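With these hints in hand, go ahead and build the complete structure from the sequences.
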Amino acid sequence: SQQGEEDPQALSIQEGENATMNCSYKTSINNLQWYRQNSGRGLVHLILIRSNEREKHSGRLRVTLDTSKKSSSLLITASRAADTASYFCAILTGGGNKLTFGTGTQLKVEL
Amino acid sequence: EPEVTQTPSHQVTQMGQEVILRCVPISNHLYFYWYRQILGQKVEFLVSFYNNEISEKSEIFDDQFSVERPDGSNFTLKIRSTKLEDSAMYFCASSEILGIGAGGAGYTFGSGTRLTVV
Chain P
1 SQQGEEDPQA LSIQEGENAT MNCSYKTSIN NLQWYRQNSG RGLVHLILIR
51 SNEREKHSGR LRVTLDTSKK SSSLLITASR AADTASYFCA ILTGGGNKLT
101 FGTGTQLKVE L
Chain X
112 EPEVTQTPSH QVTQMGQEVI LRCVPISNHL YFYWYRQILG QKVEFLVSFY
162 NNEISEKSEI FDDQFSVERP DGSNFTLKIR STKLEDSAMY FCASSEILGI
212 GAGGAGYTFG SGTRLTVV
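Each protein sequence line maps, in turn, to chains P and X.
The opening position of the first sequence corresponds to residue 1 in the working numbering, with each subsequent residue numbered one higher.
The opening position of the second sequence corresponds to residue 112 in the working numbering, with each subsequent residue numbered one higher.
Hints are computed from structural coordinates only; laboratory data are not their basis.
Predicted, not measured: the structure shown is a model, and the values here were computed from it.
Just so you know, not all the hints are guaranteed correct.
When the alpha-carbon atoms are kept at most 16 angstroms apart in a straight line, the in silico EDC-like pairs for lysine to aspartate or glutamate are as follows [to be verified]:
| hint | chain 1 | residue 1 | chain 2 | residue 2 |
| --- | --- | --- | --- | --- |
| 1 | X | LYS153 | P | GLU5 |
| 2 | X | LYS194 | X | ASP174 |
| 3 | P | LYS70 | P | GLU53 |
| 4 | X | LYS189 | X | GLU207 |
| 5 | X | LYS153 | P | ASP7 |
| 6 | P | LYS69 | P | ASP83 |
Below is the structure:
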């Protein structure tokens with residue numbers, strides 16, 4: 001399977017702390033994307049990192065990509081209760097146009 | 112900010128009935144997708160659509176499923192004879208460019224239609 005697999009499956013932290021989620025995959029990729037999903041809601045795109053990029057920032061988000069290890073991490077700094085959601089990585093491979101999603105990390109940020 | 116709109120938000124149907132899930136992609140996007148998420152499971156790719164034809168489909172997308180862009184605006188997913196295991200959240204998405212959205216911003220997903228087959 002080429003799917004992304006996130007760890008941890010669940011993460012509970014206090015507001016103000018940083019949250020780090022990891023994603024591993026098995027094939028070569030074109031790009032890797034991170035999405036957020038609030039409970040029972042749609043997927044919101046957070047950030048996209050191309051295979052030739054190593055790090056990307058967007059606001060409080062920092063994504064790294066290590067293609068040699070076939071892994072990516074998403075760091076949310078100074079977390080807020082509103083960051084509570086599930087976070088998914090998704091990979092785009094080859095010449096195709098389908099995203100393959102990982103299993104997701106459920107993040108809970110407590111006050 | 113442009114949105115992908117899906118209707119209805121929730122549909123309950125009897126097993127064996129046909130359902131049509133509707134989506135209005137972002138107007139200048141060229142690529143359209145359907146994904147589904149069974150409760151508690153991964154988001155799974157169903158089908159991609161470009162230039163009025165299917166460009167890729169998964170094993171899940173069997174003969175019971177079809178997609179259509181009937182009027183240049185709407186993008187529909189039809190399930191001909193629903194089964195209990197079709198119960199899931201169905202997401203429509205669109206992108207401007209193959210594989211990535213505008214400016215490398217990823218796909219834009221709709222809020223989903225929760226399909227419940229009883």
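Verification of the hints:
no.: 1; hint: X/LYS153 x P/GLU5; verdict: 10 angstroms, holds
no.: 2; hint: X/LYS194 x X/ASP174; verdict: 13 angstroms, holds
no.: 3; hint: P/LYS70 x P/GLU53; verdict: 13 angstroms, holds
no.: 4; hint: X/LYS189 x X/GLU207; verdict: 24 angstroms, violated
no.: 5; hint: X/LYS153 x P/ASP7; verdict: 14 angstroms, holds
no.: 6; hint: P/LYS69 x P/ASP83; verdict: 28 angstroms, violated
Violation of the numbered hints given earlier is confined to hints 4 and 6; the remaining hints are satisfied by the structure.
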